[in-house]
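> These are the residues of each chain, in order.
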Amino acid sequence: MKRRNFLKLSASACAALAALQLGDKDIFRPVQARSAAEAPKLPGSLGAKEITSVCEMCFWRCPIVGKVKNGRLVKIEGNPKSPANGTRVCARGNSGVQLLYDPDRIKYPLKRTGSRGEGKWARISWDEALDEVAHNLKETKRKYGPHALAFFDHGASAEFMRDIFKTLGSENYTNEPAFFQCVGPAALAYLMTYGYVTTGTRQYIDMKNAKAMLFIGTHIGENVHVSHVREFIEGLQNGAKLVVVDPRYSASAAKADIYLPIRPGTDTALLLAWMNFIISEGLYNKEFVEKHCTGFDELKKAVKKYTLQWASPICDLPVRDMKKAILLLAGNSPHVAVHPGRHSTWYGRGDTGRHQALAILAALFGAVGVEGGLYFPTHVKKGHISFGCVEEEPETPAKSISEDYYPFASTFGSPTSKIIEATLTGKPYPVKLWGINGVNILQTISNPYHTMEAIKKLDFIFCEEILPTETAIWSDIVLPGATYLERYDTVYTFDLLTPYLTVRQPVVKPMFEVKSSFWIARELAKRTGLKCFNYNNEVEFIEEELKGAGLTLKELNQKGGIVSYKANPYRDPKEFKVATEDGKVQLAVEDFADEDLDPVPKFVPTPAPPKGYVRLVYGRSPVHTFSRTMNNKWLHNEAPENLLWLNDKVAKKVNIKDGEEVVLENQDGYRSWPIKIKVTPGIRPDTAYMVHGFGSRSKQLSKAYKQGASDQFLVTEYEDDPFMGASSHRTNFIRIVKAGKVINLPELCPPPKDIPRFVPQKNRTGGK
Amino acid sequence: MNKELAKISYLLAQGFSYPGQNNCNKTFFEAVKEVANAFEVPCGSISFSKDELCQAYTQLFINEPQGRWAPPFSSVYLSAQGLLMDKGREQAVKFYKEAGLEPGRLTEPEDFLVTELHFVAELLDSDNLGLLSRFLQQHMLKWFPCFYRRLKALKPHPYYLLLADLTSRFLDTTYQEVIDETT
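Protein chains in written order, with my numbering: chain A, 53 to 820; chain B, 5 to 187.
Hints are supplied without guarantee of correctness; some may be wrong.
[As the list claims (entries may be wrong)] With a straight-line Cα cutoff of 25 Å, these simulated DSS-like cross-link-like pairs (lysine-lysine) come out: (1) A:LYS751 with B:LYS156; (2) A:LYS93 with B:LYS146; (3) B:LYS101 with A:LYS561; (4) A:LYS163 with B:LYS159; (5) B:LYS159 with A:LYS172; (6) A:LYS172 with A:LYS755; (7) B:LYS54 with A:LYS172.
Hints listed in this document are in silico derivations from the structure and should not be mistaken for laboratory results.
So here's chain B without its partners, still in its complex pose:
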């Protein structure tokens, strides 16, 4: 079961990465749809062009022309200053170190949503459920709901709204699963 959840976490991480060949194709969209069905999240056909998703992604997560965007970094939501590289990043790095890991290739700050979803997957893959439980409870479930609310308020592109809905369900479910298994 944990391996399957890990795959979903990887899938969501890939979904929240910038659109490219790996996450903008029929097979990928099909997998997202299947996972949506699994989570009972309403979902029509998913078919978007890369250009459309690139523009939507840039506006939602990078720089938005109306100044209404949802930075996918925990620090923005966990510190009063709303800055990058603040408390959220410090927390995330601490958890990574506890697992004996550190982010390697990404140029984004360590508390990037994609990196954190990868971390969840790594912990699920390695059955490190105690740490996962604490990571979710003490960190990710503290900020992701704020990000999710902010994103929804922006009336975002339906694909990213779907991914956010799925991620919210996934995190809640995983936390419940982990609690069930560790208590």
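The shape of chain A in the complex, shown without the other chains:
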């Protein structure tokens, strides 16, 4: 346009413009003196302001330093004063910058405008969002009672909102997939054997000082927690021998002195046979067992039938190899690190028993409270805080989801599978509202198709989210949560071999309209009419917690954001006592017997693959955490998709080449996104493997969407652990679809007759 024309026509435009109030005077202000000073012009992170905090790219929570220049986070390093990780952070820790500045982030409160799962939203104000959530919480409780409210939670940030559901009187105030889809069976087994959660968020296992280590399915190196990996590597450097039992030749297996490629689902058979062997051969630690354990006679009797010869065809392992491994381990007792494992929701009915067997084996070696064995946590003192939430008198349901299905579920909350079932069927009572915080339930809980059907039946669903995950796109209201780099949390204490106290604090100010979880929960409580959260902000309760440790936040920051303490992990044999009622290790758990469950583990075979299929197993990538980091550009660049590991002999028989792209179909007919094949001798012929968390179904995750295949969306068959109700994830089988043609996979390791074959249920909703 020519200027002359513009001037000619501007009179009419000006009249319209004059009718408007234009120009927001608050958008700009004169530069204030304090912000006028720019960071020195030095390259990279040099000259940056350093703020100490705590990572949350995974749950290990390494102490970090955020380097900030001109209001922008430019680099993350480990806190040099941290005795656990020092200046080191892993690839994910470094990539927190990319999470913070990911354009895909949820930036404002959002309200669904399309159908659930469609992901169509309109931005709304915080007032509108919070009022709508509060209204639905109150209304659902009024109509259906408090237990119609259910909360799925994970991580530190979810704890505040959990208090709201608890205060409202729901028994379903915590349904942590972290327990019911992950560590629950292992945590229960160790809790009942030793009286403390030897494996939960962390594992109290002294690999650094071990003379021998045993990993059952544990794949450290692919599963990276900085201090844990360092201790493992130090142990190996110090000469520790390593036995790895895994159907797949993992990163840990590659470092093993003895590698046992076991048939999936038979680990307990091996452990029971090993126990019987060391008991009958007199290789167990008699003094430790006599002085510090109960139930030995019952154990001895129960495992007598499990010989190495019996276990050999079941486990598909030669007797000589099994024997060699147990002799190596027993020969180094008591300094044997029997790794307790973490993710243990494998096969359902045998999961607690498998980890109980691991706990017992450690005790038979006397590898408890000694260098190189299981050790005791060192409690770090901090002040106790109470949010002053006034709970209503709990209304006991006629049948409880938390207590009446599985005898030990209530230790951890309400089983996720039962919440979903109740939502679908209305039994034992209707569940009508879900709140979700810190977990992408559709990429975590077994049978996501059931979860989606359940969501369709809800009156209301809301979540606090950082990224537009599958969970977010199924929610009615999405509350934008602050990342760990933008908020405070409670004080963190680390009670492993290098104890310390530190605090998470914001490194930069929150982006857009995101808010901290504490702020969200506090505002929600106010609008729901709850007496809850008697602190105005996080700093108030952090100061109270620090006071208990003789510190203030200012002092802690002056000390570099972290204070270390002396560890007390081992016990003199004279003072040895575990945290059970009688202070002794329970080799047979009477509480289990009281509930008609096996007090001593026994082998329960898990069904073998149907003809034409192999078992699907999964694991971790060193550069990703669950399904949370696939949209992170740096990490995406490192590992953009997962691969399906397929045995080389199987691949050859069906003419599948390395790198070929295929689709997977499970036993119920559900199909995956396309995935590339990795042909390898490093996996058994009856098993296929992929890294968990890929194959996102949220189109709003621009880098993660449809990258690789989701193992979770192939887990449609599951069985609950009878002890605590955790859902199995390794009870599914796949075959291959190549260029639209279904390929049945040959069976090269047929199961023995003791192991039944999987039979699909007739009324399954497969075929999608």
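Assemble chain B onto chain A, guided by the hints.
For chain B alone, kept in the frame of chain A given last:
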């Protein structure tokens, strides 16, 4: 003349703000139409409900269900990483400081399209044409065309396509005006 251009810049900034009472009413739409006529941009009647524009805005500029959206932040277009708070934001802040200004109230990063249009208006209002010329040449005209192309490729809601068309014309015209006046 500069005052009139400043008003248009304010108008466009308001248009690219989230729909609310101030920018979703008959008077506002009328002004947009007049400016469109002034710029010879074809434009029918403008009459959209707030709900319709809220949904369209969210999908185009906040989070889009098909993963096809046009983030209104210069950093996304000016750095290889495509991140927020990167080079584009650094550039913008530098220009703001040179003018003795800093963003105050907005929670968005400083290189938000709305903030940059406000800055253009401030410079026009204060006749700081030398700085405006450099801001447009070295910064805004480097990224806005990329944003504009990306938006057009999405086949967006007609109202936001119109605003983007207008902004493109406005920036080109203003730059030409400023060059004319400063050379």
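> Hinted pair, alpha-carbon criterion (25 Å max): LYS172 of chain A, LYS755 of chain A. Please report holds or violated.
It holds: about 19 Å lies between the C-alpha atoms, which stays within 25 Å.
> Quick one, are LYS159 of chain B and LYS172 of chain A close enough, alpha carbons at most 25 Å?
holds (17 Å)
> Need the status of pair LYS163 of chain A, LYS159 of chain B: alpha-carbon distance at most 25 Å?
holds (23 Å)
> Can the restraint linking LYS93 of chain A and LYS146 of chain B be considered satisfied, given a maximum Cα separation of 25 Å?
holds (24 Å)
> Holds or violated: are the alpha carbons of LYS751 of chain A and LYS156 of chain B at most 25 Å from each other?
OK: LYS751 of chain A and LYS156 of chain B at ~20 Å, within 25 Å.
> For a C-alpha distance cap of 25 Å, please report whether LYS101 of chain B and LYS561 of chain A respect it.
holds (20 Å)
> Holds or violated: are the alpha carbons of LYS54 of chain B and LYS172 of chain A at most 25 Å from each other?
This hinted pair holds, its Cα atoms lying about 16 Å apart.
No hint from the list above goes unmet by this structure.
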